[in-house]
Amino acid sequence: MARHPWKKLLWLKQDYADNYTDSSFLSQLKKNTTVANYSYFKLVNDFALIVLHSSTIVLVSIVFYGVYHENWNPVIPTLVSTSITFIFWVVYMVISYINHLEVASVVGTLKSSLLILFILLTLSPVLKSLTDSTSSDSIWALSCWICVVNVLFNDYVIEFSGATHTSNLSKNLALSNAILLASRLYSNLAAFSFILFCIQVQGLFPMFNNFTRRCQMLAFHRFQLIAIVGGVNYLVYSILGMSALSCWAALQGIILFVGPSYFIRLQKYKEELQGPWDPVKPRISVA
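All letters in the sequence shown, in the order written, are residues 1 to 287 by full-length UniProt numbering.
Do not rely on the hints blindly, as some may be mistaken.
[Stated by the list, open to error] The calculated BS3-like cross-link candidates involving lysine-lysine, where the alpha carbons are at most 25 Å apart (straight line), are: (1) 8 / 42; (2) 111 / 268; (3) 171 / 111; (4) 31 / 7; (5) 270 / 13; (6) 171 / 128; (7) 8 / 30; (8) 42 / 7; (9) 13 / 171; (10) 30 / 268; (11) 7 / 171; (12) 268 / 42.
Hints were generated in silico from the structure; no laboratory data involved.
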C-alpha cells in the first residue's frame with residue numbers, strides 16, 4: 001500500500017523513520033531575502049556621521065588642551081558655543097513652527113537651561129577637586145578609553161522611524177569625560193565653562209543635527225559637517241602642527257572612503273537563511 005505523502009508536522013504520526021528527510025523539506029527556505037544592495041555614495045554620507053561625531057570629540061580635546069596647556073581663556077570657547085547654540089535653537093523653533101511640530105515652550109526651555117547652569121555652578125568646586133588624588137597619566141589614559149568607547153557606542157541615527165527614543169550612552173560617556181578632564185583645570189570657572197562647552201558640543205549639537213536630518217534639511221546638515229570638520233582640522237593644524245593634521249586627515253579619509261568600500265565587500269559573506277518556521281512569535285496571554 002502506498003504511503004501518504006510526508007508532511008512537515010511533528011505532532012502527526014507518519015510512516016517514516018525519525019531521521020527521514022524529504023526532498024521538499026527545504027522547498028520554502030529563503031536565502032538573503034532582507035539583504036540590501038548598498039550604494040557607495042549613500043554609505044559615504046552615512047559614514048560621514050562617524051567623522052562628524054569624532055570631530056566633536058577632537059574639538060573638546062583641543063579646547064581642553066588649549067585651556068590646560070596654552071592658558072586659553074576658558075570663557076571664550078563657551079561664549080562662542082553658547083552663541084551658536086542659541087542660533088541653532090532659534091532655527092529649531094522656526095522650523096518646528098513651520099512644520100507644525102510639537103516643541104517645548106520657551107519658558108520651559110529657559111527654566112531647564114537655568115537649572116543646568118545652577119547645578120553646574122553649584123557642583124563646580126566639587127568637580128574641580130574630584131581627581132586630586134589621581135595621577136594625570138591615569139586621567140589621560142581613562143579619558144582616551146572613554147573617547148574610544150564613545151565613538152564605538154554612539155547612536156548613529158541614519159533612518160528615522162516613528163520612534164523618537166535614542167540611546168543616551170554616548171552622551172553619558174561624553175559628560176563623564178568632560179567631568180574627568182574638568183577636574184584637572186586650575187579654577188572653578190574653568191571647570192564650569194569647560195563642562196558647559198562639552199554639554200553644548202556633544203549633547204545639544206548632535207540632537208540638533210539629528211533634527212535637521214529628520215526634517216530633510218540635507219544641505220544644512222552638510223554645512224554643519226563641513227563647518228565642524230573644517231574648523232577642527234584648522235585647530236589641529238594650528239595647535240599640533242602639520243604632522244598631527246596629516247594623521248587625523250588620513251584617519252578621516254579611511255573612515256569616509258575606505259570604510260564604505262570595505263562594508264560593501266563584506267556583504268558577499270552574508271548567509272541569511274529564513275524558513276517558514278522562523279517568523280513565528282509566541283502568543284502570551286495576559287490574564
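Comparing the hints with the structure gives:
no.: 1; hint: 8 / 42; result: violated, 43 Å
no.: 2; hint: 111 / 268; result: violated, 53 Å
no.: 3; hint: 171 / 111; result: holds, 21 Å
no.: 4; hint: 31 / 7; result: holds, 22 Å
no.: 5; hint: 270 / 13; result: violated, 37 Å
no.: 6; hint: 171 / 128; result: holds, 20 Å
no.: 7; hint: 8 / 30; result: holds, 17 Å
no.: 8; hint: 42 / 7; result: violated, 46 Å
no.: 9; hint: 13 / 171; result: violated, 58 Å
no.: 10; hint: 30 / 268; result: holds, 16 Å
no.: 11; hint: 7 / 171; result: violated, 54 Å
no.: 12; hint: 268 / 42; result: holds, 18 Å
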